[in-house]
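Chemist: Generate coordinates for the entire structure from the input sequences, incorporating the hints supplied.
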Amino acid sequence: MEDSNYWTRLNSRKVSRRALLGGGATAALGGAAALMVGCSGGGNGGADCVATPTARPFGTPKAGGTITQGRLIAALGIDPHIDLTGLDVDTLIYPYLYGWAPGREEAIFNNLALALEQPEETEFIFSLRPGVTNSPTGGGKPNPAAGEEITSEDVKQSFIRRGTSITAPDRRFPRKIAGSSDPGALEAALLTPDKYTFRFKMSEPFVPGVREMANPTWGIVSAKVLDEYLYLSQDAFGAGPFMLEEFRGNERIVLRRNPNYYIKGRPYLDGLTYVVITEPSSLYSAFKQGQHDVNGSVLTRKDYEELACDPDFTVATTPSLFYPVVHLKIKPPFDDIRVREALNISVDRDEIIAVINSGEGNYNGPIQWPQTFWALPQEELRAFYKYEPERAKQLLAEAGYEGGFDVKMKLPKITGATFIADTALLLKDQWARVGVNIQIDEVELGAYIGSTLLPGNFEMTFFPNLPYDEPDRPLSFYHSLGVTGSGNWNNYSNPELDKLIDAQSKEFDKDKRQKIILEAQRMILKAHGPQLTLTGGQQYSARWSYVHFPFELGQDPGADVNPNGSDTWTEKA
Amino acid sequence: MREYIIRRLLLVPLIMFGVSLLTFMAFRIIPGDAAVLICQFNCTPEVLRDIREDLGLDEPWYQQYGEWLGVLKNDDGELSGVLEADFGDSFFTKLPVSEELGRRLPVTLELMIMAMVLSILLGIPPGVLSAVRPGSFADLVARFTSVLWLSIPAFYLGILVITFGGKWFGWSPPNFGTGKTTGFLEDPWLNIQTFFWPALVLSVGIAAVLMRLTRSSMLEVMRNDYIRTAWSKGLKERAVVWRHALKNAMIPVVTILGLQVGALIGGSVIIESVFGLNGMGIYLLESILRRDLLVVQSLVLIFAVTHVLANLTVDLTYAWLDPRIRYG
Chain A
0 MEDSNYWTRL NSRKVSRRAL LGGGATAALG GAAALMVGCS GGGNGGADCV
50 ATPTARPFGT PKAGGTITQG RLIAALGIDP HIDLTGLDVD TLIYPYLYGW
100 APGREEAIFN NLALALEQPE ETEFIFSLRP GVTNSPTGGG KPNPAAGEEI
150 TSEDVKQSFI RRGTSITAPD RRFPRKIAGS SDPGALEAAL LTPDKYTFRF
200 KMSEPFVPGV REMANPTWGI VSAKVLDEYL YLSQDAFGAG PFMLEEFRGN
250 ERIVLRRNPN YYIKGRPYLD GLTYVVITEP SSLYSAFKQG QHDVNGSVLT
300 RKDYEELACD PDFTVATTPS LFYPVVHLKI KPPFDDIRVR EALNISVDRD
350 EIIAVINSGE GNYNGPIQWP QTFWALPQEE LRAFYKYEPE RAKQLLAEAG
400 YEGGFDVKMK LPKITGATFI ADTALLLKDQ WARVGVNIQI DEVELGAYIG
450 STLLPGNFEM TFFPNLPYDE PDRPLSFYHS LGVTGSGNWN NYSNPELDKL
500 IDAQSKEFDK DKRQKIILEA QRMILKAHGP QLTLTGGQQY SARWSYVHFP
550 FELGQDPGAD VNPNGSDTWT EKA
Chain B
0 MREYIIRRLL LVPLIMFGVS LLTFMAFRII PGDAAVLICQ FNCTPEVLRD
50 IREDLGLDEP WYQQYGEWLG VLKNDDGELS GVLEADFGDS FFTKLPVSEE
100 LGRRLPVTLE LMIMAMVLSI LLGIPPGVLS AVRPGSFADL VARFTSVLWL
150 SIPAFYLGIL VITFGGKWFG WSPPNFGTGK TTGFLEDPWL NIQTFFWPAL
200 VLSVGIAAVL MRLTRSSMLE VMRNDYIRTA WSKGLKERAV VWRHALKNAM
250 IPVVTILGLQ VGALIGGSVI IESVFGLNGM GIYLLESILR RDLLVVQSLV
300 LIFAVTHVLA NLTVDLTYAW LDPRIRYG
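Protein chains in written order, with numbering that gives the first Met the number 0: chain A, 0 to 572; chain B, 0 to 327.
Among the hints, a few may not be true.
[To be verified] Here are some of the chain B residues that sit facing chain A, going by a computed Cβ distance under 10 Å:
| # | residue |
| --- | --- |
| 1 | I29 |
| 2 | G178 |
| 3 | G182 |
Just so you know, these hints were derived from the structure itself, not from any lab. No residue lacks a Cβ here, since even glycine has one placed at the ideal position from N, Cα and C.
Modeler: Take a look at the structure:
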């Protein structure tokens, strides 16, 4: 029966959306055109090519030239402490205390901080690098702090702004520094004994704090700039490798080399331009046709294979940390663990991997599988999430839902993220096999966040969580206080689990923390919710081969790599 | 006739008021608002309240609407609104809406005008030819083409042009993928090249409608007694068709042409997105998704004015086409 369902058939044909468009075009434009496709299309690298990540030497860098990169999503603003959609741009404009190697889970001191000293695990003493000076201009306006050095006072003011701005993402860390949400307490806790020393002692331990400070939302902005500009959403004045030349967040963002950058001879590039095209097919075409040097669209496995076999392109792939989940509201019918278990075991995760993850993926537990040290072992997850539709039917009958039930599943509509609707349709198909009939309600993102997710206004909702590379955040979704500290969206509360989640955030011994985190995950598994975790696949990147990056997607930057974008170079004049 | 025009023009402000009020109320009814999007995932009720206050969304609807119109004083105690040509600032970028409109309006207007011209050129002459030679090969081709054009959605055709233009011919429209648009006065030829393909894609659906309507209308007119009289007077075919038949056959076509302005506005949203043109259509779509109320209000108002003026032009064209209206 399963062999003949729509999704299996679709998968067996390996037809992508773009291929479907191509097929339609061929039909519409006639046989002659089809012959042309046959002659010229798909000839990249020959029929024997096996798609593998491109291993290209970094080469001998050449200064000069500019690159253009596509973007699918507009950047609403580039204030590092406020706007989330422009964070990738912020990392090129502002200095940060240090970089981060997610694989090694360690800081890289190649930026503003020369070193970090920790007499105690809750005490941080940063020695700052002298000579990190502000750019002359930003967005065509003079930089209020042009040519001035970034000092400990700038770091302090940036921390205060980041920690207290009403729209700042995640204020847990600054609260744990200050011991309260009072801006005065935070200001008092942050100390600047001299120009090049910045220190603070946390009022309570918070292990993810070290990772947090390397996050792109912790950009260091001159205090003078902050005095002059209340908002930096459309302006940017930094001391990073690049400076802003033009910002039209929904059209193009142009950056130029910062002549005052503290590393002599860097950045190699004279400039970098982001171009926003919100239609995924057009964005990919712009890359393939050479208008964009670096791809900005979401690539499929098929695109990756095609590009990998073409020597003109350099590709990379890495396990994706995005982890879509199904949130269940803990009220009838989902307050009955038998119903949650029935749903969990009637999800055919192998089919999701085959259809949605292009055959490359793994089962996700409460923490995404690529976080190998923290995630539950695959064997354990695969045994636990065994696909058992017959037992699911039995469980539903025991819970009083013989023959199943109807339920509405809300999902956000996000430009370019077609996998959301695709996965939801597949789940609908799988759950229909045990009698659970899903009615899909696709809601625009704005309405979804405000009216569905945050107020917990759903019975069931499918949501693609962000790619966190630290285990604390994924776990906090299960905490009674939720991720915001104001409540759990799912109406879920388990005091024993709360204790474990709180304990792991204070445990500095990595092995002991791992034990707590694994125990918490097993507790979550036994409860079959309130989030049903699914699978995780790969993500792909591509660029024209004349563009050289110091490290590839999914690789840790080496200790000798300079801060964001400054080592990137192009062979093109 | 003058009274008729004045009466129609007097209705414009009333229509504008109705449209803006309806848009404003619609945004109150649909779920979600800009504050929630700014607040994002770490939102707490307190933070959300602060943002709403900052954006002025906590005020009663009539206050917000009055401030936007410029008939009620804003927080700074000033009367400044649409009536003073001040469309307010975007909730997200904090930039004046009028500044964005100044850059984007020419893009969308040029796209719409060029699409309208192309749809007339591609729709009406083949429709006439098809009607005067019914059953001929030309008629067959015209009918087939119109059905084909009606069947292909504009966004799909646009993607085909972009994807296969590049794949087969290594071609793409000038400026594609750069985020820039060259103004007509800056470089007329480059500007026409930039807009030709998106305008063509946008026009084919409308051209198909015009072609079919012109054909049926012409067929009906060509059977009238006065056309038979014209033939019997020994007039040449060109005179019968273009001077006597076409003018009368155009009345329903012109009506439809006016109504197609709405389709052009709707189509521009998609076409701008596919061809990466930074016009008003794509701006409207993004602003609706973000619930950027002041931007949406202003854009809808401008589109409504365009629609009303286009239909006024259609009404005036009736008078030119049909003397009964002019002298009635």
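Chemist: None of the hints should be skipped; say for each whether it holds.
Modeler: The hints, checked one at a time:
1. I29: holds, 7 Å
2. G178: holds, 3 Å
3. G182: Hint violated; G182 (chain B) Cβ to chain A Cβ min 15 Å, cut 10 Å.
Against the hints set out earlier in the document, a violation occurs for number 3 only.
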